[in-house]
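Asker: Chain by chain, the residues:
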Amino acid sequence: DSGVTQTPKHLITATGQRVTLRCSPRSGDLSVYWYQQSLDQGLQFLIQYYNGEERAKGNILERFSAQQFPDLHSELNLSSLELGDSALYFCASSPGQNEKLFFGSGTQLSVL
Amino acid sequence: GQSLEQPSEVTAVEGAIVQINCTYQTSGFYGLSWYQQHDGGAPTFLSYNALDGLEETGRFSSFLSRSDSYGYLLLQELQMKDSASYFCAVREGSSNYQLIWGAGTKLIIKP
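If you're matching them up, the sequences are chains A and B in order. Quick note on this note's numbering: the first sequence kicks off at 3 and runs consecutively. Quick note on this note's numbering: the second sequence kicks off at 785 and runs consecutively.
In short, the hints are calculated from the structure, not lab data. Where a beta carbon is used, it is the ideal one built from N, C-alpha and C, also for glycine. One thing to keep in mind: the hints can contain errors.
As the list claims (entries may be wrong) - Below 25 Å or equal to it, Euclidean Cα-Cα: the simulated SDA-like pairs (lysine to any residue) are:
| # | chain 1 | residue 1 | chain 2 | residue 2 |
| --- | --- | --- | --- | --- |
| 1 | B | K894 | A | G44 |
| 2 | A | K102 | B | K894 |
| 3 | B | K890 | A | E55 |
As the list claims (entries may be wrong) - Some residues of chain B that are not near chain A, with every Cβ distance over 12 Å (derived):
| # | residue |
| --- | --- |
| 4 | Q803 |
| 5 | K865 |
| 6 | G886 |
In isolation and in its complexed conformation, chain A is listed as follows (with noise of 0.2 Å):
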């Protein structure tokens, strides 16, 4: 067990809905990444929070979105679904910046 907590698990919805991805991080972590995964496929950086305030982004489309709160948890927000945004989406944590990642168990989402 890692210590980094996603819900849900698995999410099924439909194209053209809105979907959120909640994350809470290690105890103690102040870094929330996100990433994308799909089928067979590399590792996807979207987006990196640091403290509550945005540090990094990736290959974050503008449908999407994610904040982290005062208690340091992570949402990311995914909108106007496409059938092409079925992936594992993936939160990590980490104390500082990237030297250590601890992932979540991640996300299955499935657009239909």
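Since the structure of chain A is already known, use the hints to place chain B on it.
Answerer: For chain B alone, kept in the frame of chain A given last:
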């Protein structure tokens, strides 16, 4: 541009030794990490090399040569449970110590 190269697939026999290579081209370099991911599972951290040389953790070792922009993960006494994908990632400094990820190496172990 920034890139990491690692083989897409490696096959080895149970009990043997296997080496997964990673070459990188990045703007700035702070360290090379390795992560393991089983099918359907989450990536888990294996090692982080910031300095040249070999670091050993049980059956796994990781090596870094900064002058050659090269590193490898060495797995000894292979077990069937080592069948997984292995990702290398460079912590680079041009954009806030971000991680640049390789595409992953699928390790297939045969009995």
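Asker: The structure should be examined with respect to each hint, and the outcome stated for every one.
Answerer: Now the hints, each set against the structure:
1. B:K894 x A:G44: OK: K894 of chain B and G44 of chain A at ~24 Å, within 25 Å.
2. A:K102 x B:K894: violated, 31 Å
3. B:K890 x A:E55: violated, 35 Å
4. Q803: holds, 20 Å
5. K865: Non-interface label on K865 of chain B holds, nearest chain A Cβ at 18 Å vs cutoff 12 Å.
6. G886: violated, 7 Å
Of the hints listed earlier, those the structure fails to meet are numbers 2, 3, 6, in rising order.
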